[in-house]
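**Student:** Here are the chains, one letter per residue:
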Amino acid sequence: MSDTDTNRELCITKLPKLAEDTSFSITSPIDYNYNCLAWAANKNNIIWWPHVPHLDGCTWPIDNFSLKFENLIEVYKAIGYVICASWAFEKKYKKIALYKDKEGNFTHAARQLRSGLWTSKLGPAFDISHGNPYSVECEDYGTVGAIMSIVF
Amino acid sequence: MRFEKSLKMVPIIIGLTTSFNTYAKTEMAYNENDIRKKLVNMDLQNFKSSNERDKFVFDEQYNRIRFKGLLKNWYNETAFSSNIDSILENNNLKQILSLGNSAIPFIIEEINNKPSYLVWSLNILLNKKISNSNITINDACRKWVIWWNTTNNSNV
Numbered sequence: 057m058s059d060t061d062t063n064r065e066l067c068i069t070k071l072p073k074l075a076e077d078t079s080f081s082i083t084s085p086i087d088y089n090y091n092c093l094a095w096a097a098n099k100n101n102i103i104w105w106p107h108v109p110h111l112d113g114c115t116w117p118i119d120n121f122s123l124k125f126e127n128l129i130e131v132y133k134a135i136g137y138v139i140c141a142s143w144a145f146e147k148k149y150k151k152i153a154l155y156k157d158k159e160g161n162f163t164h165a166a167r168q169l170r171s172g173l174w175t176s177k178l179g180p181a182f183d184i185s186h187g188n189p190y191s192v193e194c195e196d197y198g199t200v201g202a203i204m205s206i207v208f
Numbered sequence: 005m006r007f008e009k010s011l012k013m014v015p016i017i018i019g020l021t022t023s024f025n026t027y028a029k030t031e032m033a034y035n036e037n038d039i040r041k042k043l044v045n046m047d048l049q050n051f052k053s054s055n056e057r058d059k060f061v062f063d064e065q066y067n068r069i070r071f072k073g074l075l076k077n078w079y080n081e082t083a084f085s086s087n088i089d090s091i092l093e094n095n096n097l098k099q100i101l102s103l104g105n106s107a108i109p110f111i112i113e114e115i116n117n118k119p120s121y122l123v124w125s126l127n128i129l130l131n132k133k134i135s136n137s138n139i140t141i142n143d144a145c146r147k148w149v150i151w152w153n154t155t156n157n158s159n160v
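In the order they appear, the protein sequences are chains A and V.
Heads up: take any position in the first sequence, counting from 1, add 56, and you land on this note's numbering.
Heads up: take any position in the second sequence, counting from 1, add 4, and you land on this note's numbering.
Hints are supplied without guarantee of correctness; some may be wrong.
Said to hold, decoys possible - No more than 25 Å apart at the CA atoms, straight line, and that leaves these computed lysine-lysine pairs for BS3-like:
no., chain 1, residue 1, chain 2, residue 2
1, A, Lys70, V, Lys118
2, V, Lys72, A, Lys70
3, V, Lys132, A, Lys70
4, A, Lys158, A, Lys133
5, A, Lys150, A, Lys124
6, A, Lys133, A, Lys99
7, A, Lys99, A, Lys148
8, A, Lys133, A, Lys148
9, V, Lys98, A, Lys70
10, V, Lys98, V, Lys118
11, A, Lys99, V, Lys76
12, V, Lys132, V, Lys72
13, V, Lys147, V, Lys76
14, V, Lys72, A, Lys99
15, V, Lys98, V, Lys76
16, A, Lys148, A, Lys73
17, V, Lys147, V, Lys118
18, A, Lys148, A, Lys158
To be clear, the hints were calculated from the coordinates, so they are not data collected in a lab.
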């Protein structure tokens, strides 16, 4: 049982906007096997990060190893996603939100569920659900830089 | 020169206790006179080897405590970090890596109990992956533990 008051407080300390999100809940225990970028692509058995091929459990799905935000967009384009205008739920589409920092590097990714809620993997820690992509914006994760979608 | 117990000693004592120097470890040996007087039961022939053994045990315990502290800080400071580069560049992990190969038994023990990104410290220290295929962190930890047990048993 990970959705405890203590764990919620921990999350809110790092991601303060979650305090205002009534849909926020912790949905999984700590799991080191995947990260947010892989989780946004429905993968829970690998870590996606560029230029760490020497580390066990890691891979990067394209040949460009840049940390620039535009390169993350290319990663999801490679698996069929296209840029879209709105994060609002549309029954036909699965959507993802990509985040970037002030330097223009990518930082985080979240995915919309069939319920309309969003799911994020917080580093090596928990999966959480949240009501909109903006409630996980914070110092570490930066801000939403793009919304992409794919047909379900 | 002979010191007598008197108030004249106070400045000396104060002077001795106001040092700002700290030491990571202290070499300790028995007073040789005590050994000669049999006040300390010690085999002088084996003194050197036992002293080295004690030092080894002391170093191991010191490193273990240090490792545990650094690990706890690393987990706490990177628990929500999605940036793998910043997880790897965290100062606590750098200090764990600076322990060198002496940290490997502690790392193996830790990932055996609790699989985590700590497995990457083995990739860095030993400059190799445990598998060239895409395996999970849990599987990588398991394989490293098996590798360690096999390597140690074959060396016995």
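**Student:** Taking the hints in turn, state whether each one holds.
**Tutor:** We went through each hint and held it up to the structure:
1. A:Lys70 to V:Lys118: holds, 24 Å
2. V:Lys72 to A:Lys70: The given pair, whose Cα atoms are some 24 Å apart, holds under the 25 Å limit.
3. V:Lys132 to A:Lys70: violated, 34 Å
4. A:Lys158 to A:Lys133: holds, 23 Å
5. A:Lys150 to A:Lys124: holds, 24 Å
6. A:Lys133 to A:Lys99: holds, 16 Å
7. A:Lys99 to A:Lys148: At roughly 21 Å apart (the allowed maximum being 25 Å), lysine 148 of chain A and lysine 99 of chain A satisfy the hint.
8. A:Lys133 to A:Lys148: Answer holds: lysine 133 of chain A to lysine 148 of chain A is near 18 Å, not above 25 Å.
9. V:Lys98 to A:Lys70: The given pair, whose Cα atoms are some 23 Å apart, holds under the 25 Å limit.
10. V:Lys98 to V:Lys118: holds, 20 Å
11. A:Lys99 to V:Lys76: violated, 28 Å
12. V:Lys132 to V:Lys72: holds, 24 Å
13. V:Lys147 to V:Lys76: Given pair lysine 147 of chain V, lysine 76 of chain V holds - Cα atoms ~23 Å apart, limit 25 Å.
14. V:Lys72 to A:Lys99: Judged against 25 Å, a Cα distance of about 32 Å means the pair is violated.
15. V:Lys98 to V:Lys76: Satisfied, since the Cα-Cα distance of roughly 13 Å is no more than 25 Å.
16. A:Lys148 to A:Lys73: violated, 28 Å
17. V:Lys147 to V:Lys118: holds, 14 Å
18. A:Lys148 to A:Lys158: Answer violated: lysine 148 of chain A to lysine 158 of chain A is near 33 Å, above 25 Å.
The earlier numbered hints that this structure contradicts are 3, 11, 14, 16, 18.
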